Amino acid sequence: MINKEELGLRIRKERENQGLSREALCGDEAELTVRQLLRIETGKSLPKLEKLEFLSRVLGIDISTFLG
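My numbering puts the first residue of the sequence shown at -18, with every later residue one more than the last.
In short, the hints are calculated from the structure, not lab data.
All figures in this text were calculated on a predicted structure; none of them were measured in a lab.
Every clue listed holds true.
Simulated restraints, written as ranges between beta carbons of each label pair:
hint	residue 1	residue 2	range
1	Ser2	Met(-18)	25 to 31 Å
2	Glu4	Met(-18)	29 to 35 Å
3	Asp9	Gly49	26 to 32 Å
4	Glu12	Glu(-13)	19 to 25 Å
5	Arg20	Asn(-2)	19 to 25 Å
6	Ala11	Gly49	26 to 32 Å
Simulated crosslink set (DSSO-like; lysine-lysine; CA at most 27 Å straight-line):
hint	residue 1	residue 2
7	Lys(-6)	Lys25
8	Lys(-15)	Lys32
9	Lys(-6)	Lys29
10	Lys32	Lys(-6)
11	Lys(-15)	Lys25
12	Lys(-15)	Lys29
Ideal Cβ positions, reconstructed from N, Cα and C, are used throughout, including at glycine.
Could you put the whole structure together from the sequences, leaning on the hints where they help?
In structure tokens:
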């Protein structure tokens, strides 16, 4: 099972590979705030399934890429 630090790193790397800032990824922050994303990416918070689904949708990748 993947730990929250590794999950956060995978999310951050995918976001950076696509050239997106945290602000650009979160947009209007209706589904995910920049602060929440920062906590996820730094391994301080484990995202709920809904947040992972949002991230995979915005990044255009399958959720299994994060969970690998």
